[in-house]
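Colleague: Residue strings, one per chain:
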Amino acid sequence: MTHVELPLTIFVVDDEPPARNRIKELLSDCSVQLPVEVVGEAGNGYDALVQLSEIHADIVLVDIRMPQMDGIELAQHLNKLPNPPKIVFTTAYDDYALKAFELHAIDYLLKPIRLGRLFDALSHVRNAIPLRTQELQELTPEPRKNLSIHERGKVHLIPIQDVLYLRAELKYVTVRTVNHEYLIEESLTALEKEFVTRFIRIHRNCLISKDAIEGFEKVAEDKDGESHWTAKLKGLDEKLPISRRQQFIVKEFG
Amino acid sequence: MPKHQSINQNLQPDALPNFRNIGVTLRTVLCVNGMALLIAAATATSWLEITLRMADISALLQPVLLSSLLILYLLNPLFARLNYRQGIAVVMILTGLITLTIYHFGGDLYVQPGEYSNFLAGRNTLLGGMIAGLLLAYFRLRTQALSPALHASRLQALQARIRPHFLFNTINAVLGIVRANPKRAEMALEDMSDLFRMAMSYSGELVSVQKEVALARQYLALEQMRLGERLKVNWHMENLPEDALLPPLILQPLLENAVYHGIEPLAEGGLIDIRLYCISNEMHLEMYNPRTEQGVHHEGNKMALTNIRERLNLQFDIEARYTVESGKDFYRVHILLPYVKVANHDAC
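Residue numbers (the numbering used here), protein chains in the order written: chain L, 5 to 258; chain B, -2 to 345.
Among the hints, erroneous ones may be present.
Cut-off 25 Å, straight-line C-alpha distance, at most; resulting in silico cross-link-like pairs (DMTMM-like, lysine to aspartate or glutamate) [said to hold, decoys possible]: (1) L:Lys84 / L:Glu29; (2) L:Lys158 / L:Asp124; (3) L:Lys28 / B:Glu46; (4) B:Lys208 / B:Asp314; (5) B:Lys208 / B:Asp191; (6) B:Lys338 / B:Glu265; (7) L:Lys103 / L:Asp124; (8) B:Lys325 / L:Glu190; (9) L:Lys214 / L:Asp166; (10) L:Lys149 / B:Asp326; (11) L:Lys149 / L:Asp124; (12) L:Lys149 / L:Glu139; (13) L:Lys28 / B:Glu226; (14) L:Lys214 / B:Asp326; (15) B:Lys208 / B:Glu239; (16) B:Lys325 / L:Asp215; (17) B:Lys338 / B:Glu322; (18) L:Lys214 / L:Glu256; (19) L:Lys222 / L:Glu198; (20) B:Lys229 / L:Glu45; (21) B:Lys229 / B:Asp270; (22) B:Lys325 / L:Glu198; (23) L:Lys158 / L:Glu45; (24) L:Lys103 / L:Glu58; (25) B:Lys180 / L:Asp33; (26) L:Lys28 / L:Glu185; (27) L:Lys197 / L:Glu230; (28) L:Lys149 / L:Glu29; (29) B:Lys180 / L:Glu29; (30) B:Lys325 / L:Asp124; (31) B:Lys229 / L:Asp51; (32) L:Lys28 / B:Asp314; (33) L:Lys149 / B:Glu46; (34) B:Lys325 / L:Glu146; (35) L:Lys243 / L:Glu155; (36) L:Lys197 / L:Glu146; (37) B:Lys208 / B:Glu265; (38) L:Lys197 / L:Asp166.
Hints in this document: simulated from the structure, not taken from any laboratory.
If we strip away everything but chain B, and leave its shape as in the complex, we get:
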């Protein structure tokens, strides 16, 4: 992935899908079987015949589909070394060869004695390759459809940092303490510049969980300066693997919502509870904050959440889940992500 992306460059660089993602696998299985069903229906002359044809097709199709998925799963790390065109060629040829191999060595299962012909072998090989090509085209279109979210999120992240409410109140607070406590004021300005730097250099690449947590803490320190005792934060990170990676700027916008909608409207303040943990290869991010019954400013809230949802969808497909529980006096966000480690960076 090129390091420098212009902000108005609207498309993701093309890349093969991640064959180790459940979403990709599931979509492939559904699409291929869907196509088979269409073919079965197109050639059938009665309802019953559709099922018979489907069974015929499946006999060759399912083994080819499953072994292709398995081989692509195994080879997935190697694809990272190829450029997009080479990748497409390799995947199409590979699928064609798998089809041919299974057809050729499948023996009596596929070929009645005397029926084997070069035409059928060639046709099946080509069909295998073509279907793989069609699916790759589908994944490319899907990525393109979702990628504006990533770029929008970068802009939004930037705009959110310069959200006037946060910016001016924080500057005002720094001015309020600079005479009495210049050291604290210096620290606040440093934290602020780190936050802005992160938002401006945002590229969408995964960052280490420590980095993301550190940024979130810097943000909270700024809010603490303004709100003092009213803002209490509890971090629970006992079961957090140190080598985990997270999409950047995922915690901070959620925290900002929690502060703005949850803590600020409460005179006595409240507690934001953050839990980060990993269970059987899944990362969980949980955030809980109290809130008052009536809240008016909920538009901005939705925007940040929608954007995070789209980013997760693009990066992890169905392997990421996102639930919001909104009670009368509390608000809870629960995000579930695949556990991506530092060494195993190919999952994005």
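Chain L with its partners taken away, still in its complex shape:
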């Protein structure tokens, strides 16, 4: 049984031009047995994300260590696309990531890449299970530099330094910046763990940015007359309640 397949569309992301060149040469070598088409390339994660919002690729070959936005963060944002591409990581050497790849049985390519390995990876990747955002985060000790949401077919980035607070409500987490509010589908506990250096928990359902703290105010509650502490953040009128258990924060940051 034979059926004509459309060529696999491939996008290459690597910050080193010779490395991208190498992959493209190998892909053209591959095309004898496996029809492939390179639909684009980028030198860093941002550029790749912008391009991949416009054009679709079946497979994205992503270098891990890149400036600005590394390969693992890129993969997390690409996951938000309506029809996310399959991702194959490439790396020359990254002890941390390699251990994580083995742990999660994620396929990756070691540079210098061999033609045979590339061919295998491309042939199998179609049936591979998509990577979950949570799983991807465990591949790196570094937190993302951006949160992302899917908006009208594109991925919108929210730089993490713009985020004032993160508040869990039912299924979603509200991400608040000075001018906007976004909803993301992630768990507050995982966010707390990932951004532990930047955010602090003030309540069971709320993390605030340490840099954004302007001050603390004691607010009297009308019912029982008991008062509790609230946090005031830069650029926001809203006062966020601090739970009794977290009141030590007032002393620590006040």
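Got chain L sorted already, so can you dock chain B onto it with the hints?
Modeller: The following block gives chain B in isolation, referenced to the frame of chain L:
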């Protein structure tokens, strides 16, 4: 120094200290006076008496100490011709004789009339020689304590060259250009083999500054191949004497740090600024690179720096200085070394 050292041979060959090094001089002065103070304290019966005794001892001690240091300074090049045992004997006898001479011809200053005795003359001579011997033993122990750093640095230098990040990325880059630009690929492989050869033959002996700079440039050419426009390098070597010597592989590890931690994490790249110059008999090596605010991989960085610091300490004692200035968006290393010339090789 024997040319072939096995890598697991852990100790430096014994050698006399370099008597022209300020560090050696300073350590000698401090140790000798320290010993004198102990003797003064041991024989005194009151606090005041300690100072009086010290003054007594100093009257003979300081002239002997200073003239011994001066004579050893002058004779320093000649010691290179002796083996270690002969050297020790010569230094001890020399110090003994200097003590005797000063005591004997010091006249009224040391000897009250009628008090001169063969015992005192003999005792002082022996004491002079023995103290010199003790100090030599101290310098030998000090060298032994520091010398693993030299050997470790050789291993580390080797490991750093085969640092997987550098090795695999460079090979990958060569593969990336070999079809399009075979000439450039050939050059890259040649540069790479030179770097490896230098690391493998590393002996710790000083090399000419040109050689060290050439090696650093070869390394940078390899990184340029990978990073292209992102890596910019400025060399300033206007006031660099051509006959200067440097410890081998001192620039390259610093440059590697600058590239790995400074340039690679920047999408638009950056400029590494290297200044080599000589001011009044001191060599300055300055290296500046930009860096991003957050850097995670700083462990390897520290290791390379610690090792360079130990090597400098062993080779130049306090005559070498090493400062690091680490700002929010830049990193600067400044190394100061004595200016050692090609002809005057004895300083190591």
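Colleague: State for each hint whether it applies.
Modeller: Here's how the hints hold up against the structure:
1. L:Lys84 / L:Glu29: violated, 30 Å
2. L:Lys158 / L:Asp124: Not satisfied, since the Cα-Cα distance of roughly 31 Å exceeds 25 Å.
3. L:Lys28 / B:Glu46: Measuring from Cα to Cα gives roughly 87 Å; hence the hint is violated.
4. B:Lys208 / B:Asp314: Measuring from Cα to Cα gives roughly 24 Å; hence the hint holds.
5. B:Lys208 / B:Asp191: Roughly 11 Å between the alpha carbons, so the hint for Lys208 of chain B and Asp191 of chain B holds.
6. B:Lys338 / B:Glu265: violated, 40 Å
7. L:Lys103 / L:Asp124: holds, 21 Å
8. B:Lys325 / L:Glu190: Judged against 25 Å, a Cα distance of about 32 Å means the pair is violated.
9. L:Lys214 / L:Asp166: Between Lys214 of chain L and Asp166 of chain L the Cα gap is close to 12 Å, so the pair holds against 25 Å.
10. L:Lys149 / B:Asp326: Distance ~18 Å between Lys149 of chain L and Asp326 of chain B Cα, so the pair holds.
11. L:Lys149 / L:Asp124: violated, 32 Å
12. L:Lys149 / L:Glu139: holds, 17 Å
13. L:Lys28 / B:Glu226: holds, 21 Å
14. L:Lys214 / B:Asp326: Distance of about 22 Å is within 25 Å: holds.
15. B:Lys208 / B:Glu239: Given pair Lys208 of chain B, Glu239 of chain B holds - Cα atoms ~11 Å apart, limit 25 Å.
16. B:Lys325 / L:Asp215: holds, 17 Å
17. B:Lys338 / B:Glu322: violated, 29 Å
18. L:Lys214 / L:Glu256: Judged against 25 Å, a Cα distance of about 11 Å means the pair holds.
19. L:Lys222 / L:Glu198: At roughly 30 Å apart (the allowed maximum being 25 Å), Glu198 of chain L and Lys222 of chain L break the hint.
20. B:Lys229 / L:Glu45: Within the cut-off at roughly 24 Å; holds.
21. B:Lys229 / B:Asp270: holds, 9 Å
22. B:Lys325 / L:Glu198: holds, 23 Å
23. L:Lys158 / L:Glu45: Satisfied, since the Cα-Cα distance of roughly 18 Å is no more than 25 Å.
24. L:Lys103 / L:Glu58: violated, 33 Å
25. B:Lys180 / L:Asp33: holds, 22 Å
26. L:Lys28 / L:Glu185: Given pair Lys28 of chain L, Glu185 of chain L is violated - Cα atoms ~41 Å apart, limit 25 Å.
27. L:Lys197 / L:Glu230: Violated - the C-alpha atoms of Glu230 of chain L and Lys197 of chain L are around 32 Å apart, more than 25 Å.
28. L:Lys149 / L:Glu29: Roughly 32 Å separates the two Cα atoms, so the pair is violated.
29. B:Lys180 / L:Glu29: With a Cα-Cα distance of about 18 Å, the restraint between Lys180 of chain B and Glu29 of chain L holds, given a limit of 25 Å.
30. B:Lys325 / L:Asp124: Status violated; Cα separation ~45 Å.
31. B:Lys229 / L:Asp51: holds, 23 Å
32. L:Lys28 / B:Asp314: violated, 53 Å
33. L:Lys149 / B:Glu46: Violated, because 71 Å separates the two Cα atoms, which is more than 25 Å.
34. B:Lys325 / L:Glu146: holds, 19 Å
35. L:Lys243 / L:Glu155: Judged against 25 Å, a Cα distance of about 29 Å means the pair is violated.
36. L:Lys197 / L:Glu146: holds, 11 Å
37. B:Lys208 / B:Glu265: It is violated: about 31 Å lies between the C-alpha atoms, which goes past 25 Å.
38. L:Lys197 / L:Asp166: Cα-Cα ~18 Å, so holds.
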